[in-house]
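Engineer: These are the residues of each chain, in order.
Protein chains: 4
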Amino acid sequence: MSGEKISVGFLGLGIMGEACARNLLKSGLFSAVHVWNRSPDKASALVSEGALLGSSPADVVSKCSITFAMLGDPDAALQVVFGENGVLQAISAGKGYIDMSTVDEQTSQRIHAAITSKGGRFLEAPVSGSKKPAIDGQLIILAAGDESLYKEAEPAFTKMGKKWMHLGETGAGARMKLVVNMAMGTMLNALSEAMALSDKAGLKQQDVLDVMGIGALASPLVAMKGPAMMSKNYAPAFPLKHQQKDMRLALALGDQLGQSLPVAAAANEQFKVARARGHGDEDIAAVYEATKP
Amino acid sequence: MSGEKISVGFLGLGIMGEACARNLLKSGLFSAVHVWNRSPDKASALVSEGALLGSSPADVVSKCSITFAMLGDPDAALQVVFGENGVLQAISAGKGYIDMSTVDEQTSQRIHAAITSKGGRFLEAPVSGSKKPAIDGQLIILAAGDESLYKEAEPAFTKMGKKWMHLGETGAGARMKLVVNMAMGTMLNALSEAMALSDKAGLKQQDVLDVMGIGALASPLVAMKGPAMMSKNYAPAFPLKHQQKDMRLALALGDQLGQSLPVAAAANEQFKVARARGHGDEDIAAVYEATKP
Amino acid sequence: MSGEKISVGFLGLGIMGEACARNLLKSGLFSAVHVWNRSPDKASALVSEGALLGSSPADVVSKCSITFAMLGDPDAALQVVFGENGVLQAISAGKGYIDMSTVDEQTSQRIHAAITSKGGRFLEAPVSGSKKPAIDGQLIILAAGDESLYKEAEPAFTKMGKKWMHLGETGAGARMKLVVNMAMGTMLNALSEAMALSDKAGLKQQDVLDVMGIGALASPLVAMKGPAMMSKNYAPAFPLKHQQKDMRLALALGDQLGQSLPVAAAANEQFKVARARGHGDEDIAAVYEATKP
Amino acid sequence: MSGEKISVGFLGLGIMGEACARNLLKSGLFSAVHVWNRSPDKASALVSEGALLGSSPADVVSKCSITFAMLGDPDAALQVVFGENGVLQAISAGKGYIDMSTVDEQTSQRIHAAITSKGGRFLEAPVSGSKKPAIDGQLIILAAGDESLYKEAEPAFTKMGKKWMHLGETGAGARMKLVVNMAMGTMLNALSEAMALSDKAGLKQQDVLDVMGIGALASPLVAMKGPAMMSKNYAPAFPLKHQQKDMRLALALGDQLGQSLPVAAAANEQFKVARARGHGDEDIAAVYEATKP
Numbered sequence: 001m002s003g004e005k006i007s008v009g010f011l012g013l014g015i016m017g018e019a020c021a022r023n024l025l026k027s028g029l030f031s032a033v034h035v036w037n038r039s040p041d042k043a044s045a046l047v048s049e050g051a052l053l054g055s056s057p058a059d060v061v062s063k064c065s066i067t068f069a070m071l072g073d074p075d076a077a078l079q080v081v082f083g084e085n086g087v088l089q090a091i092s093a094g095k096g097y098i099d100m101s102t103v104d105e106q107t108s109q110r111i112h113a114a115i116t117s118k119g120g121r122f123l124e125a126p127v128s129g130s131k132k133p134a135i136d137g138q139l140i141i142l143a144a145g146d147e148s149l150y151k152e153a154e155p156a157f158t159k160m161g162k163k164w165m166h167l168g169e170t171g172a173g174a175r176m177k178l179v180v181n182m183a184m185g186t187m188l189n190a191l192s193e194a195m196a197l198s199d200k201a202g203l204k205q206q207d208v209l210d211v212m213g214i215g216a217l218a219s220p221l222v223a224m225k226g227p228a229m230m231s232k233n234y235a236p237a238f239p240l241k242h243q244q245k246d247m248r249l250a251l252a253l254g255d256q257l258g259q260s261l262p263v264a265a266a267a268n269e270q271f272k273v274a275r276a277r278g279h280g281d282e283d284i285a286a287v288y289e290a291t292k293p
Numbered sequence: 001m002s003g004e005k006i007s008v009g010f011l012g013l014g015i016m017g018e019a020c021a022r023n024l025l026k027s028g029l030f031s032a033v034h035v036w037n038r039s040p041d042k043a044s045a046l047v048s049e050g051a052l053l054g055s056s057p058a059d060v061v062s063k064c065s066i067t068f069a070m071l072g073d074p075d076a077a078l079q080v081v082f083g084e085n086g087v088l089q090a091i092s093a094g095k096g097y098i099d100m101s102t103v104d105e106q107t108s109q110r111i112h113a114a115i116t117s118k119g120g121r122f123l124e125a126p127v128s129g130s131k132k133p134a135i136d137g138q139l140i141i142l143a144a145g146d147e148s149l150y151k152e153a154e155p156a157f158t159k160m161g162k163k164w165m166h167l168g169e170t171g172a173g174a175r176m177k178l179v180v181n182m183a184m185g186t187m188l189n190a191l192s193e194a195m196a197l198s199d200k201a202g203l204k205q206q207d208v209l210d211v212m213g214i215g216a217l218a219s220p221l222v223a224m225k226g227p228a229m230m231s232k233n234y235a236p237a238f239p240l241k242h243q244q245k246d247m248r249l250a251l252a253l254g255d256q257l258g259q260s261l262p263v264a265a266a267a268n269e270q271f272k273v274a275r276a277r278g279h280g281d282e283d284i285a286a287v288y289e290a291t292k293p
Numbered sequence: 001m002s003g004e005k006i007s008v009g010f011l012g013l014g015i016m017g018e019a020c021a022r023n024l025l026k027s028g029l030f031s032a033v034h035v036w037n038r039s040p041d042k043a044s045a046l047v048s049e050g051a052l053l054g055s056s057p058a059d060v061v062s063k064c065s066i067t068f069a070m071l072g073d074p075d076a077a078l079q080v081v082f083g084e085n086g087v088l089q090a091i092s093a094g095k096g097y098i099d100m101s102t103v104d105e106q107t108s109q110r111i112h113a114a115i116t117s118k119g120g121r122f123l124e125a126p127v128s129g130s131k132k133p134a135i136d137g138q139l140i141i142l143a144a145g146d147e148s149l150y151k152e153a154e155p156a157f158t159k160m161g162k163k164w165m166h167l168g169e170t171g172a173g174a175r176m177k178l179v180v181n182m183a184m185g186t187m188l189n190a191l192s193e194a195m196a197l198s199d200k201a202g203l204k205q206q207d208v209l210d211v212m213g214i215g216a217l218a219s220p221l222v223a224m225k226g227p228a229m230m231s232k233n234y235a236p237a238f239p240l241k242h243q244q245k246d247m248r249l250a251l252a253l254g255d256q257l258g259q260s261l262p263v264a265a266a267a268n269e270q271f272k273v274a275r276a277r278g279h280g281d282e283d284i285a286a287v288y289e290a291t292k293p
Numbered sequence: 001m002s003g004e005k006i007s008v009g010f011l012g013l014g015i016m017g018e019a020c021a022r023n024l025l026k027s028g029l030f031s032a033v034h035v036w037n038r039s040p041d042k043a044s045a046l047v048s049e050g051a052l053l054g055s056s057p058a059d060v061v062s063k064c065s066i067t068f069a070m071l072g073d074p075d076a077a078l079q080v081v082f083g084e085n086g087v088l089q090a091i092s093a094g095k096g097y098i099d100m101s102t103v104d105e106q107t108s109q110r111i112h113a114a115i116t117s118k119g120g121r122f123l124e125a126p127v128s129g130s131k132k133p134a135i136d137g138q139l140i141i142l143a144a145g146d147e148s149l150y151k152e153a154e155p156a157f158t159k160m161g162k163k164w165m166h167l168g169e170t171g172a173g174a175r176m177k178l179v180v181n182m183a184m185g186t187m188l189n190a191l192s193e194a195m196a197l198s199d200k201a202g203l204k205q206q207d208v209l210d211v212m213g214i215g216a217l218a219s220p221l222v223a224m225k226g227p228a229m230m231s232k233n234y235a236p237a238f239p240l241k242h243q244q245k246d247m248r249l250a251l252a253l254g255d256q257l258g259q260s261l262p263v264a265a266a267a268n269e270q271f272k273v274a275r276a277r278g279h280g281d282e283d284i285a286a287v288y289e290a291t292k293p
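Protein chains in written order, with the UniProt record's numbering: chain Z, 1 to 293; chain V, 1 to 293; chain R, 1 to 293; chain P, 1 to 293.
Hints are computed from structural coordinates only; laboratory data are not their basis.
Possibly wrong hints are sitting among the right ones.
Put simply, identical chains are the same to the list, so a pair is met inside one copy or across any two.
To be verified - Below 27 Å or equal to it, Euclidean Cα-Cα: the simulated DSSO-like pairs (lysine-lysine) are:
id : residue 1 : residue 2
1  : Lys159    : Lys200
2  : Lys292    : Lys200
3  : Lys200    : Lys42
4  : Lys232    : Lys132
5  : Lys5      : Lys159
As the structure is a prediction and not an experimental result, all values here were calculated from the model.
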C-alpha cells in the first residue's frame, strides 16, 4: 500500500457502517471512497462530505481495490454478494472484499467460496463494539481469511479500530464474534437481574453499581449499561434484536459442535422476551425490561 | 476511637478470617487482638504473631470493645452467637458485634435481634473479595446496621478493606452481597461457556481472552478467572461451594420477593453440576468443568 | 380399629381440608369428627353437617384418638403443632397425629421429633390431587412414618383417597410429594409452551390437544389443563402459588443432595413470573400466562 | 382410489420407513410397492417380501402414482428431491409426493414449491410415534397440503397409522410435529429429573412411577420411558439425536415467531449433554444420563 493511494468501497451504511466509512473518508489515506446503501438516501451525508455514490455493489467493487461491507444480517450479506448487480459480478483477480458484518460461519464460507472462485481475495472481519466506538474509530476487528488482504487493509483498520487481529482461516472471525457476543449477552443479563433484584430488595441501584465498579465485576459493560438500565435510556448503541440474533447463532454453533450452553440459552430467552415486548430496536440494555412481570 | 486504644476480637479463622485478623494485628491500632476458632490449631500462626487465643466466643467478647466474626455459613454464624459460651453470653451495653460472614438476611436479623436485646450494638458487614484481597487488606466491606458502631469500626475497616460503605439498616449488607455475588456467578458462567465454545470452535482460548480484555467485557473477573480456566488452576481463592450457596440464597431472596431470575437459576445449576463432580472445595473458576460432557 | 368407633380430628379447613373432613364425617366410621380452623367461620358448614368445633388444636387432639391436619404451608404446619394451645400440648402416649400438609422434610422431621418426644405417634401423609379428587375421596395419599398408626388410619384413608402407600420413614412422604409435584410443574410448562408456540405458529390449539390426546403424551394433566389454558379458566383446583412453593422446595432438596435440576429450575422461574403477574391464587394452569410478553 | 389398484413408492428405509413400507406391502391394497434407500442393502428384506427395488428416487416416482418418503433429516429430505436422479426429475402432473419426514417448515415449503412447479401434488405428513407404533401401523399422521392427495392417500394411512389429520396448508404438519415433540422433550426431562432426584432422596424409583401412574401425570410416555430409565434400557425406539434436532427446530420456530420458550430451551441443553456423552444414537430415554454428574 506504499506509494500510490488506492480507492476503497463501503457497502451498507447503517449506524456503524456509516461511521466506519466516514473514518475512512476523513483519513485521507485513499484516493476515493465509494459507498453504496440499499436506501440511497442514507448515503447523502457521506456524499456531501466527499464520498462517491455507487449505483450498486458491483459498481462500487468495479471501481475499488478493496471493498468493505457491513450489513445487518446474513441475508443482507448474501444479497449484496449474490444478488443482481452484486459483488460477484465485479470481483476479479487482485481485488479484495472484506465483510465486516456479523454473520454465521456458513454464510461467511459461502461468500468466501464465491469470491475466491472469481479470483478475488476474501477476508471476514466482524467487529466488536457499537455506535460510539465505531464513530471514534475504536472498534475491535476480528479478521480471518486471506492474509495478504489483511496486510493491505491494515491502514484502513487503523482508522476504524483500536485493535485488529488475524484469527485464522475464514470462519474464525465469525466464530470469535459469536463467542464474545454470547458472553456479553449473558453478562448483560447478570447485570440486569442484579439490578432487578436489588430494586425489589430495597437497595439503591446506584449502590449496586458502585460496589460492582470497585470490584471484580468492574467492566465497561457494567459502567455503560448499568446507568442505562437505571434511567431506561435505551437509545440504540447496539440494537437488542441484533444481540438476540448473535445469541441464536452462537447457540446454533454450540448445537452443531455438541457444546451444551444452558446459561446462554436462558439469557437468549430473556432477549426474546424483551424483543417480544417491543424493545428489539432499542439498545441491548433494554433486556432489563424482561425482568419485569 | 480517639485517645485510648481499644481491644478487638475476631471469631472464625478460615482463609479470609485469618487474613483479616492478621491485618488488624499488624496495624498496631488495637491494644490487643483476641481470636477464636472452632478448631483452635488454626489460630496458632496468629498467636505466634501476637494474637491472644480466647477459649470461646463469649470469652473473646468479654475482653473486647468490638468483636468481628467471619464464619463459613449461616449455621456457623448462628452457632457462634447462640451456642454454648456464645457471643450472647458476654455481649452487653456498649459492646459491638460485627458479623462479616455472608449469611441470608433472616440469619442476620436473628443475630441483630439477639444482640440488641442484650443492649449490644450490631453491624453486619459482609465482604466482597477473596483470599488475595483479604490478605492485601483490599476487601470491599458492605456494612449495614448500627451507625455509631460503623463509625467506630472504620479504622479497622481501613486495614481490612479498600472500600467500605454503609448501606442502610441491618439486612441491606446481606442483600447487597447476594446481589453482587449472584451477578458474579452468572458472569463467571458467561466466561466459562465462552471458553468451552471457543475451544470446540477451533479458536484459541487466549485469543478469546485477548479480545475480551480490550473490549466492553474487560474486568478483573475475566482477567483472573479466564487464565485459571485455561490452565485448570483451581486453587481456591473463593471456594465454589460457597459461591453456589450464595447463588442459592440469592435465588431464595428473589423467590421471596417475587423476582424471576432465570439466568441466575441456570447458572446455579451449573455450579451444582461442578459441585457434584467434586469441585466444591476448589475455586469458583472450576465451574468451567461443568461445561464438559 | 375393629370393635368400637373412635373419634377423629381434622385441623385446617381450606379447600382440600374441608373436603377431606367432610368425607370422614359422611363415612359414619367415627364416633365423632372434631374440626378446627384458624378462622372458625370456615368450619360452619361442617358443623352444620354434624362436625364438632374445637376451640384449638390442643382441644381437638385431647378429644381424639387420631388427628389429621392439612395446612397451607410449613409455617402453618409448625404453628399448629408448636403454637399456643397447639397439638403438642395435648398429644400423649397412644394418640396419633397425621399431617397431610405438603411441607419440606425438615418441617416434617421437627414435628415428628416433637410428637414422639411426648409419646405420640406421627405419620406424614401428603396427598397428590386437588379440589375435585379431594371432594370425591380420590386423593393419592403418600404416607411415611409410624406403621401402626398407618394401619389404624387406613379406614380413614379409604374415605379420602383412592390409593395410599407407605413409603418408609418420616420424610419419605414429603420427598415423594415434592418429586412428583416437581415433575408435574415441568410437564405443565411443557404443555403451556406448546400451547403458546402453536398459537403463534397458526395451528389450532384444539388440534394440538387432539394430537397429544391420542399419543404418548396423553395424561389427565393434559386433558384437564390444556382446555383450561385455551379458555383461560383459572378457577383454582390447585393454586399456582402452592405449586411454585413445591417447585422451590424440590429445588432446595436437589440443592441439598447435589442434584442439578436445570429444567425444573427453568419451570420454577415461569411459575414465579405468573405469580408476579398476579396469578398466584389462580389455578396452576395460569402458568400459561407466563408465556405471554 | 376406487376400482383399479395403484402402485406406490417408498423412499428411505430407516427403522420407521422400513416398517411403514412393509405395512403398505402387506396390505395388498397396491399393485406394487417400489422402494429405494441410499444404502440399497437396507432394502433387501423388503425385496425378499415382494417389494420392487428402484434404482433412484426418480425411478421410483416414475413408476408410482403416489410416492411416500421418510428421511432422517432436512438435508436428506432435500437431497432426495433435488439431488441427481431425485424426485423432481420424475414428478409430473397428477403424481403425488408425500413426505413423512420430520423437517423444518422452510424445507417443507421448498419441496412443496418444487413439486408443484412441475405439476405434482405435495402433502407433508410427519408422524408421531416411534419404532413399535410404526411396526404396528399405529402412527399418528399429521398431514398438511394438497387435500385431493390427502383423500387418495387415506387408504395407505389406514395401514400405517391409527389416526390421521389434515391440519391446513403445507407447513402446518411440520409445525404441529415440532410443537408436540417439543412438549414431549420437556416432559421427558420432567420424568428424568424426577427419577434422578428420587434416587438421591432415598425413594424407590418404582414407587415414583407407581405414584405417577395413578395420578394426573399418567401417560404412555411415563409408562414406557420410566422403566427404561430405571433399567438403562436405551434400545432406540426414537433416537435421542433426532429428538434433540426437533427441540432445536422448535426453538428456532419460536425464535422466528418471537415466542420465548425457556423451559424447552433448558430441556434442549440436557439433550445436548446426553448427545455429547455419546447417547445420540440411543433412545430418547437416555436423556436420563444427563442428570448424572
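Engineer: With reference to the structure, classify each hint as holding or not holding.
Structural biologist: Hints versus structure:
1. Proximity of lysine 159 to lysine 200 under the C-alpha cut-off of 27 Å is found in neither arrangement, the shortest distances being 45 Å within a copy and 33 Å between copies.
2. In this assembly of identical chains, the alpha carbons of lysine 292 and lysine 200 lie at most 27 Å apart whether taken from the same copy (11 Å) or from different copies (22 Å).
3. In the homo-oligomer, the alpha carbons of lysine 200 and lysine 42 never lie at most 27 Å apart, since the shortest distance is 44 Å inside one protomer and 35 Å across protomers.
4. Proximity of lysine 232 to lysine 132 under the C-alpha cut-off of 27 Å is restricted to the intra-copy arrangement: shortest distance 18 Å within a copy versus 37 Å between copies.
5. Taking the closest pair of Cα atoms, lysine 5 and lysine 159 come within 27 Å of each other only inside a single copy of the chain (15 Å); across copies the shortest separation is 61 Å, beyond that limit.
Violated hints, listed in ascending order, are 1 and 3; each of the other numbered hints is respected by the structure.
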